[in-house]
Amino acid sequence: MIFREVEDRDLIVKARRGDVEAYNLLISRWERRVFNYLLKLVGNREDALDLAQDAFLKAYQNLAKLDDPARFAPWLFRIAHNEAFSLLRKHRPEGEFVERGEMPGPGSRLLPVELSLAVEHALSKLSEDQREAIVLKVYQGFKFEEIAEVLNCPVSTVKSRVYTALDLLKEILAPVTKTRGVS
Amino acid sequence: MSCPEFDWKAYALDELSAADRARAREHASVCPLCAEEVERLQVTRAALLSIPNEEPPRRIAFVSDKVFEPNWWQRFWASAPRLGFASAAMLSVAILVAALTRPAPAPVASPVSPDRAQVAALVEQEVQRRLPIAIAAVVAESNQSNEEKTAKLVAAAEHRLEFAHRAEMLAVEDNLTILRRRLNQAYVAYNSPVSNELAGKDNK
Numbered sequence: 007m008i009f010r011e012v013e014d015r016d017l018i019v020k021a022r023r024g025d026v027e028a029y030n031l032l033i034s035r036w037e038r039r040v041f042n043y044l045l046k047l048v049g050n051r052e053d054a055l056d057l058a059q060d061a062f063l064k065a066y067q068n069l070a071k072l073d074d075p076a077r078f079a080p081w082l083f084r085i086a087h088n089e090a091f092s093l094l095r096k097h098r099p100e101g102e103f104v105e106r107g108e109m110p111g112p113g114s115r116l117l118p119v120e121l122s123l124a125v126e127h128a129l130s131k132l133s134e135d136q137r138e139a140i141v142l143k144v145y146q147g148f149k150f151e152e153i154a155e156v157l158n159c160p161v162s163t164v165k166s167r168v169y170t171a172l173d174l175l176k177e178i179l180a181p182v183t184k185t186r187g188v189s
Numbered sequence: 139m140s141c142p143e144f145d146w147k148a149y150a151l152d153e154l155s156a157a158d159r160a161r162a163r164e165h166a167s168v169c170p171l172c173a174e175e176v177e178r179l180q181v182t183r184a185a186l187l188s189i190p191n192e193e194p195p196r197r198i199a200f201v202s203d204k205v206f207e208p209n210w211w212q213r214f215w216a217s218a219p220r221l222g223f224a225s226a227a228m229l230s231v232a233i234l235v236a237a238l239t240r241p242a243p244a245p246v247a248s249p250v251s252p253d254r255a256q257v258a259a260l261v262e263q264e265v266q267r268r269l270p271i272a273i274a275a276v277v278a279e280s281n282q283s284n285e286e287k288t289a290k291l292v293a294a295a296e297h298r299l300e301f302a303h304r305a306e307m308l309a310v311e312d313n314l315t316i317l318r319r320r321l322n323q324a325y326v327a328y329n330s331p332v333s334n335e336l337a338g339k340d341n342k
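Chains as they are written, first to last, in my numbering: chain A, 7 to 189; chain B, 139 to 342.
Check before you lean on any hint, since a few could be wrong.
Covered stretches of chain B, as calculated for chain A (at least 3 residues, CB under 8 Å) [stated by the list, open to error]: (1) 146 to 157; (2) 177 to 189; (3) 279 to 288.
No lab work stands behind these hints, which were simulated from the structure alone.
Built from N, CA and C at the ideal position, the CB exists for glycine as well.
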């Protein structure tokens, strides 16, 4: 008998046949990542959880449309992205961004929580597109090709968004990183 | 200003191939400007990662509900055997079309050969031999089945009769008990002092 780890692919096949428990196991593997992705987009825990639930439900209802189970992650994040932007469009007009606190001044010594606040503030200075690209690249670890799938845009666009955002973040966080010596 | 031929952002974001990464690292080790750029990018990335991932406030899970379950057709279509089914269906259609469109062969007179006649005779003989045995077996089986059914019906009827008999006996016993009580009561009433007194007055 050969033992092997149960892969997402196996769970997807079972879930497609109506096995809800297999799908719940699949959710348990991905819920933390999807929740944190949504949390960084909408900035509210309850909204992020509701959106994650909606995203997983829609994914279940459309599992038959997933051509290649190996592409489950980008496909799932694409659904989560659509859910998040649907909510953001409802909540506020286009182009309006959330400000999250003030940036600590240069020379101040930062605690970890203050560094987190500084980073949140820096992220809030990005456009929604740039912020999402950074979240998918830095926090979720997707490759540029996968991000292009999630965002349904060319890889060159993804690259441009990530690079511009990284330049901005480097500039905004420069006083903090010099002070703290983050490594 | 770092050297433009190297993509340091891709380097910091782990998007370079192993070969390009090794080449870039080698260059950064001898170029102070590029080394500074790499360090700034890596420090920025590390700062971004200082935001911890949070646990969802509640676990997400679904329960089975007929409303959301795919129907049999969707389940079949999502299953692996669908290609086999599709192939079989196409093959069946192809055979049917070929059979319908092919011209019928002209009838050819084929005299029965002596071998075929002999085989037919043997078959007939074998059928005649086996047929009574098969009929006897079927009849025996049927009889046995009927006997079993009859035995069951008889047992059930006996059981019902016994039950009815017991019920009747119990009813009779109850009636006797009631009768006995009433007799006792009548006897007691007849022999009581009040009744004797009344009987004496009547005698006077």
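Quiz item: Hint by hint, which ones does this structure get wrong, listed from lowest number up?
Solution: 3
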